[in-house]
Amino acid sequence: MVSIREIAKRAGVSVSTVSRALNNYGDVSPQTREKILRIAKELNYFPNAVARSLVQKKTNTIGIFFGNKVNSGFDHPFFLDVISAVREEVGNAGYDLLIFTNKNKELATYTTLCRERSVDGVVLLLTGEGKRKTAQLVELQNSRIPCIAIDIPLEGETCTYVESDNYGGAREAVQHLINLGHRVIAFIGGDEISKTSYDRMRGYQDVLMESRIGVDPSLIRLGYFSREKAMEAARDLMMSRPEITAFFAVSDEMAMGVIDGVTELGYLVPNDVSVVGFDDIKEAKYSKPPLTTVRQDKYGLGSIAAKTLLQIIENPNMKVTPTVLPCNLIIRESTLPPNK
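Numbering (our numbering), first residue to last: 1 to 340.
Derived by calculation from the structure, the hints in this document are not laboratory data.
Glycine is no exception: its CB is placed at the ideal position from the N, C-alpha and C atoms.
Keep in mind that a hint or two might mislead.
Derived SDA-like pairs: lysine to any residue, alpha-carbon spacing no greater than 20 Å straight-line [said to hold, decoys possible]: (1) 35 / 13; (2) 282 / 83; (3) 9 / 43; (4) 195 / 322; (5) 307 / 97; (6) 195 / 235; (7) 307 / 326; (8) 285 / 271; (9) 195 / 325; (10) 229 / 218; (11) 35 / 5; (12) 35 / 22; (13) 282 / 299.
Taking CB as the label site, the calculated pair distances span [stated by the list, open to error]: (14) 181 / 209: 14 to 24 Å; (15) 268 / 211: 53 to 63 Å; (16) 116 / 180: 53 to 63 Å; (17) 29 / 326: 43 to 53 Å; (18) 242 / 215: 36 to 46 Å; (19) 88 / 264: 32 to 42 Å; (20) 44 / 116: 29 to 39 Å; (21) 193 / 27: 51 to 61 Å; (22) 144 / 9: 40 to 50 Å; (23) 179 / 289: 11 to 21 Å; (24) 116 / 2: 50 to 60 Å.
With these hints in hand, go ahead and build the complete structure from the sequences.
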């Protein structure tokens, strides 16, 4: 492997001059820089990333954990959109993106893996049980490793999070159903642990209370962000409470499961039952019928997460605060006034 000493010898300059030329410092004359770059190219020289990281105390690598022990997250359109935005932002800033696999996560803590791989910072995009605030997450939060979480409320000296306005988006979804005339509105939540699901349930409940409809606990089920489980929940609800005229599901995947479940029982969507989802994944527009849903700025979540993380890396003493992105209701063909 060619070293900068060989380049310096060929160019007749010092090693430090070669180093400064290759790192684009301004105190090297254009003629000398051009000569050094030409010789480096002739010798097929490539910088030693390990040596450079030791000098700069940076690896220019961002780590990302996503999915959970059961599901990698690769097959979910929401996560793919977010990850694409993170990849583009860190790439434009000159960083590489290192994906930690589920196998990695079973063998060591998040903090240990980050230190072993010497990442400059880490993005957390976890699902299901991964969102529970475990000792692992607390350890990472307190480690001073720059960290940005998506939809997980982590806050520390060099750690914060970004999320959508889940509460406000849910309010808008349920208010839309009420405005259409629906009064018996079922709710399919995510799980018992995620802040995302909890905030969307609060939005559902608060609008019903403010509209003097009231909250009926028997109309609330959990679908665990699964299309199949949401289908089962919707089918059970319609069999026990046939007066239901609308469903609000806290993800599009589950909303499609609701459509599957009520259709299986012979109901038509939206003629007999209206359905609203949350996320606006690509499939929502092409479902049958096209799904009314709350649109999250998925690219914005990933982009702001990456930008915030890069700012923390460059300035570890900066004050970090959570970011909340607005949502907006997209009305399509899965909602109508109740069939009198």
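Consistency of the hints with the structure:
no., hint, result
1, 35 / 13, "holds (10 Å)"
2, 282 / 83, "holds (15 Å)"
3, 9 / 43, "holds (12 Å)"
4, 195 / 322, "holds (14 Å)"
5, 307 / 97, "holds (14 Å)"
6, 195 / 235, "violated (26 Å)"
7, 307 / 326, "holds (18 Å)"
8, 285 / 271, "holds (18 Å)"
9, 195 / 325, "holds (15 Å)"
10, 229 / 218, "holds (17 Å)"
11, 35 / 5, "holds (15 Å)"
12, 35 / 22, "holds (11 Å)"
13, 282 / 299, "holds (13 Å)"
14, 181 / 209: 14 to 24 Å, "holds (18 Å)"
15, 268 / 211: 53 to 63 Å, "violated (26 Å)"
16, 116 / 180: 53 to 63 Å, "holds (54 Å)"
17, 29 / 326: 43 to 53 Å, "holds (52 Å)"
18, 242 / 215: 36 to 46 Å, "violated (20 Å)"
19, 88 / 264: 32 to 42 Å, "holds (41 Å)"
20, 44 / 116: 29 to 39 Å, "holds (31 Å)"
21, 193 / 27: 51 to 61 Å, "holds (56 Å)"
22, 144 / 9: 40 to 50 Å, "holds (42 Å)"
23, 179 / 289: 11 to 21 Å, "holds (19 Å)"
24, 116 / 2: 50 to 60 Å, "violated (29 Å)"
Violated hints, in rising order: 6, 15, 18, 24; the structure is consistent with all others.
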